[in-house]
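Asker: The lines below spell out each chain.
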Amino acid sequence: MDGSAIDPTVLRPPIEDAAIERIAPAELRTRLQALREDGYMMLLDLGAVDYPQRVPRFDVVYHLLKMPVAAATPDQIGTPQRYRLLCGVPIENLSLPTITDLWRNADWAEREVFDLFGITFEGHPDLRRIQMPTHWEGHPLRKDYPLRGPAKERSPRPPFANKSNLVAGTPPSGRTAEALQQQVALRQAQDRKEEPKA
Amino acid sequence: MIVSGRVAQKMGPIVKRLYDQMADPKWVISMGACASSGGIFDNYAIIQGVDTIIPVDVYVPGCPPTPDGLLHAVNLIQKQIREGGRGGILARA
Numbered sequence: 001m002d003g004s005a006i007d008p009t010v011l012r013p014p015i016e017d018a019a020i021e022r023i024a025p026a027e028l029r030t031r032l033q034a035l036r037e038d039g040y041m042m043l044l045d046l047g048a049v050d051y052p053q054r055v056p057r058f059d060v061v062y063h064l065l066k067m068p069v070a071a072a073t074p075d076q077i078g079t080p081q082r083y084r085l086l087c088g089v090p091i092e093n094l095s096l097p098t099i100t101d102l103w104r105n106a107d108w109a110e111r112e113v114f115d116l117f118g119i120t121f122e123g124h125p126d127l128r129r130i131q132m133p134t135h136w137e138g139h140p141l142r143k144d145y146p147l148r149g150p151a152k153e154r155s156p157r158p159p160f161a162n163k164s165n166l167v168a169g170t171p172p173s174g175r176t177a178e179a180l181q182q183q184v185a186l187r188q189a190q191d192r193k194e195e196p197k198a
Numbered sequence: 001m002i003v004s005g006r007v008a009q010k011m012g013p014i015v016k017r018l019y020d021q022m023a024d025p026k027w028v029i030s031m032g033a034c035a036s037s038g039g040i041f042d043n044y045a046i047i048q049g050v051d052t053i054i055p056v057d058v059y060v061p062g063c064p065p066t067p068d069g070l071l072h073a074v075n076l077i078q079k080q081i082r083e084g085g086r087g088g089i090l091a092r093a
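In the order they appear, the protein sequences are chains A and B. Just so you know, we're using this note's numbering here: the first sequence kicks off at 1 and counts up by one. Just so you know, we're using this note's numbering here: the second sequence kicks off at 1 and counts up by one.
Since the hints were made in silico from the structure, they are not lab data. A hint or two may mislead.
Heads up, simulated DSBU-like pairs for lysine-lysine below, C-alpha to C-alpha not over 35 angstroms straight-line [stated by the list, open to error]: (1) 152(A) <-> 10(B); (2) 10(B) <-> 79(B); (3) 26(B) <-> 16(B); (4) 26(B) <-> 10(B); (5) 10(B) <-> 143(A); (6) 26(B) <-> 152(A); (7) 79(B) <-> 26(B); (8) 143(A) <-> 66(A); (9) 143(A) <-> 16(B); (10) 152(A) <-> 16(B); (11) 16(B) <-> 79(B); (12) 193(A) <-> 152(A).
Just so you know, these numbers come straight off a predicted model, no measurement behind them.
Kindly generate the complete structure, drawing on both the sequences and the hints.
Answerer: And the structure:
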C-alpha cells in the first residue's frame, strides 16, 4: 500500500502484568543483560512478527519473567513479573546479537526465528533451520511467502502416485493485504456513517 | 505400515526410508485425511498425501477416522493378503 498503514503495536491493549518496552538493536544486549542482573532470570519466549508495510519490517519480541524468591511459607509467595521487549529489525540489516550466553533456551528459539523469518543472530553457536528441511529455500512465516509454498515442478512421480506432477503454488485469490486494508476501510466508513443514527 | 496423521516435509524422507526398510510383502494403510491428501493442511509444510512418496493400499477417510473405519481398512488389507495383491480395490499402476 502507500505506507499509511497503522502500526498495530500502537493499538494493542495494555497488559497490566507486563512492562512493554521498545528498543533498538544496538542497545538490545546491554538492556537484556541489565534486566537479567535485575532478576529476570527466565526467558519465556522469543519470537518475531512481520509487518510488511512498516519500517522496520520485523519485530523481534522477547518475553522475560522475574520469579519471586523461593518462599519459606506459602503466604510469602509473590506474583511473577513479566517484561516484554520489542526490537524493530529493518530488512536492510536482518541481524541481531544472540542472547544464548545469557539464556540457554534462546538457542532453539533463535533458530526458529532464523528459519521462519530470516533474521540472523550473530554469535549463535549453531544457526541452522529447525522446522523446515535443511535445504529449504525461503522463510515461510514472512507475509509474502505463499501459503502452499512456491510453485515448482516436482521430480518425476513414481507410477503408483495418484497426484499430478505439478505442485500448485498458492493460487491467486482475493485475499491479499491490500484487499484486506480496503475491507477494513470500507467497514470503518460504514461504522462512521452509522454512528449518528446509534 | 499405517501412516496415521499428517506427514511434514521434514518427515517425508524418514517415512520413505521406513517403507524401504520393511520386508516384502508389505501393505500400507493411509489413515486419516491428512495422510491421504494433506487434509486440512494445504500448505508448504505438509506433504499433500503420503501416496506421493510411498504406494498406499487402503485409504481411511476422516478427521479423525472412526475406529470402525480403521477396522474396515484392516479387514480390506486382510482381504488383499488372502487374495494376493490389491483385492480388486485399486489396481497397481
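Asker: Now tell me if each hint is right for this structure.
Answerer: Comparing the hints with the structure gives:
1. 152(A) <-> 10(B): holds (18 angstroms)
2. 10(B) <-> 79(B): holds (33 angstroms)
3. 26(B) <-> 16(B): The hint holds at about 13 angstroms.
4. 26(B) <-> 10(B): The given pair, whose Cα atoms are some 24 angstroms apart, holds under the 35 angstroms limit.
5. 10(B) <-> 143(A): The hint holds at about 22 angstroms.
6. 26(B) <-> 152(A): holds (32 angstroms)
7. 79(B) <-> 26(B): holds (14 angstroms)
8. 143(A) <-> 66(A): Between residue 143(A) and residue 66(A) the Cα gap is close to 33 angstroms, so the pair holds against 35 angstroms.
9. 143(A) <-> 16(B): holds (32 angstroms)
10. 152(A) <-> 16(B): holds (21 angstroms)
11. 16(B) <-> 79(B): holds (25 angstroms)
12. 193(A) <-> 152(A): violated (47 angstroms)
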